[in-house]
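Participant: Chain by chain, the residues:
2 protein chains.
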Amino acid sequence: MDAVNRRKSQRRATARDVARRVGVHASTVSRVLNPATRDVISDEIARRVTRAAAALGYRLDPFASGLRTHRSRMVGVLVPDIANPVYTTMVGSIQEVARKHGLRLMLHATGADPEDELEMVRDLKHRFVDGLILASLHLTDAHANELRRAAAPVVLIGRPPKGTPTDTVRAYSRKGAAEAVRHLHAAARRRIGFVNGPQHTAPGSARRLGYLDGLRTCGLPRDETLLEVAEDFMIEPGRRAAERLLARVRPRPDALLCANDLLAVGALSALRDAGLDVPADVALVGMDNTPLAEVTWPRLTSVDLGSAERARLAAELLLKRIEHPARRPRVVGADPRLVVRESCGAAA
Amino acid sequence: MDAVNRRKSQRRATARDVARRVGVHASTVSRVLNPATRDVISDEIARRVTRAAAALGYRLDPFASGLRTHRSRMVGVLVPDIANPVYTTMVGSIQEVARKHGLRLMLHATGADPEDELEMVRDLKHRFVDGLILASLHLTDAHANELRRAAAPVVLIGRPPKGTPTDTVRAYSRKGAAEAVRHLHAAARRRIGFVNGPQHTAPGSARRLGYLDGLRTCGLPRDETLLEVAEDFMIEPGRRAAERLLARVRPRPDALLCANDLLAVGALSALRDAGLDVPADVALVGMDNTPLAEVTWPRLTSVDLGSAERARLAAELLLKRIEHPARRPRVVGADPRLVVRESCGAAA
DNA sequence: TTGTAAGCGTTATCAC
DNA sequence: GTGATAACGCTTACAA
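Residue numbers (our numbering), protein chains in the order written: chain A, 1 to 348; chain B, 1 to 348.
Just so you know, not all the hints are guaranteed correct.
Identical copies go unnamed one by one, so any copy, or any two together, can satisfy a pair.
What the hints assert, rightly or not - Below, a list of computed lysine to any residue pairs in the SDA-like style, where the Cα atoms sit at most 25 Å apart:
hint : residue 1 : residue 2
1    : 100       : 200
2    : 100       : 127
3    : 320       : 158
4    : 320       : 127
5    : 320       : 243
6    : 320       : 102
7    : 162       : 312
8    : 100       : 111
9    : 175       : 35
10   : 100       : 31
11   : 320       : 12
12   : 175       : 102
13   : 162       : 172
14   : 100       : 280
15   : 100       : 122
16   : 320       : 298
By construction, these hints were calculated from the structure, which means they are not laboratory data.
Produce the complete structure using the sequences and hints provided.
Facilitator: What follows is the structure in structure tokens.
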């Protein structure tokens, strides 16, 4: 590197530096480098500008650019818990779409804290994202209010209060849970227990209803003692809930539906500790069909709620919304699909 | 909301708006809201400014602020693969530290593509992060070069070329792998196989050396046929590698060390398909001690390489580096620790 | 097709 | 302790 270049590299090259080198004005540089206006410029100048920019290692200053355009080419992603594979899947899926469009991800795990979620929505513009994907277990009126005055487009993954005028991606988990129950019934299970997560959450309430739907359509009696609620949608709470259920219910259940795969993994371990065989004694079904379902033994039958697909849809909705801020809000979803594995084979 | 407020809310409130309301100058507003200069201002004015700002819903414009200060209060996090629980853990751990300091995360999964990693380093300032944590499987001279001219501080998680003047967090996985072999030897295993990931990567080469170290210190013969390389550090490649190993090696191994937990999960399934019992026929040990190790059956003995701890250290190094750009680069690490679970109990 | 010039909203540096 | 002013680097009417 010679002395001149060294001096130049003390500070980042600006559009002016590039312009000076080519003998044009900075605005011309801007026009060349901006795809929308590039074709306005003569090929000859464009080429020289491009070359000079490369030679100087010129990079657009995102702060200055953003100050003018109020765009950052970043999207925010809020998930309750990055350790839950269902959200990991979603983040991966969103990144895939975002990347194709030259957008980057700002990730934030909220720990399912509604206050944290709200603050992020308020903070939207503050942290300069062009849009936000918010996956939440529990969308309240407070969310809906905050969304109304949001500084950038938001897409929800979850179940917002009725009438929230925001693009939304739904999971039809009620339907999925019902299907799982019917599958267990078809496999000759008659005492089907349910390990749910917190019931004030959207998934908790929907999956509970689905479980009850399933019992009803199979003509099985509703038995409240067969339903147990874990403190959280996680492994250890799932284990403890299953333990409580097993300690309490007589005759013991011959099947357990769990409201997600993490709960099912916990339940599996409780069943094992109780000396019960899966599936011979107790069939087991999870929900979300995360990669975990392939890893347990026996492998876990699980209701696929299309998380990857839903995340992709959310990202695409967001991109469309960023382009057309005024278009009517859409609600889309992905159909559930039962993926049968060894954990609910034939009864002993 | 009355007409005046409604009109105001057409556009975001600026520092000027707040200033006008209080009857001071915009620079005063800036001074009040900036912690570093707040104590310069009289309490009375400060209070009124704070109140007015709240009333108007004033938020600092990050673009304008960044244009002046060149700080965004965001850190970039680059990981090879967000689906690998070891990186999920790291991201969670980094977020914890970042959050305490009011920083947000920009996440990018590179798919272990070196070109993608390099581009992100170049793009550092472009995407306005104040610093970057780069976890890479394979840091090359190209990385070192790019880092030399990086526009913001970088902390590496991995093994850079000798003499790279960059803060680095190391895993002592060579030592960890050796310990695992010694543990298996102590458990009376004498045919210890090794399922490695790609050997041109830093973990691949270190863990291979550790495996060989372990054999040597146990006085076990080095037998190349006991070593098999998977195409990637993932479950399916692990399964296939274990299948190849089992098909080839006679007498069959009585233990398998796998270079990470994902490979071990794949190997477990291959062992099962071969009708072999774990641990009675073959003991199994993974590395990284991810949450997966608790989920398999039997649960997986695994070498804890302190991923959460290392990520925390990386975040802290980065924060210190951002404050003191000139301080000497540090190299830190976390000691490995074998976590024994059912997958390597006594031989049959 | 290109140059000119006016800002975007903040903050550093002077003044007072 | 507070005000005035300029500048950060870019974009975009508008002028030429």
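Participant: All the hints need checking, so say for each whether the structure fits it.
Facilitator: Hint by hint, here is what the structure shows:
no. : hint      : verdict
1   : 100 x 200 : neither (37 Å within a copy, 29 Å between copies)
2   : 100 x 127 : both (22 Å within a copy, 16 Å between copies)
3   : 320 x 158 : within (19 Å within a copy, 39 Å between copies)
4   : 320 x 127 : both (21 Å within a copy, 22 Å between copies)
5   : 320 x 243 : neither (47 Å within a copy, 47 Å between copies)
6   : 320 x 102 : within (14 Å within a copy, 31 Å between copies)
7   : 162 x 312 : within (23 Å within a copy, 41 Å between copies)
8   : 100 x 111 : between (29 Å within a copy, 14 Å between copies)
9   : 175 x 35  : neither (46 Å within a copy, 52 Å between copies)
10  : 100 x 31  : within (23 Å within a copy, 41 Å between copies)
11  : 320 x 12  : between (34 Å within a copy, 24 Å between copies)
12  : 175 x 102 : neither (36 Å within a copy, 41 Å between copies)
13  : 162 x 172 : within (16 Å within a copy, 53 Å between copies)
14  : 100 x 280 : neither (47 Å within a copy, 49 Å between copies)
15  : 100 x 122 : between (27 Å within a copy, 19 Å between copies)
16  : 320 x 298 : neither (42 Å within a copy, 47 Å between copies)
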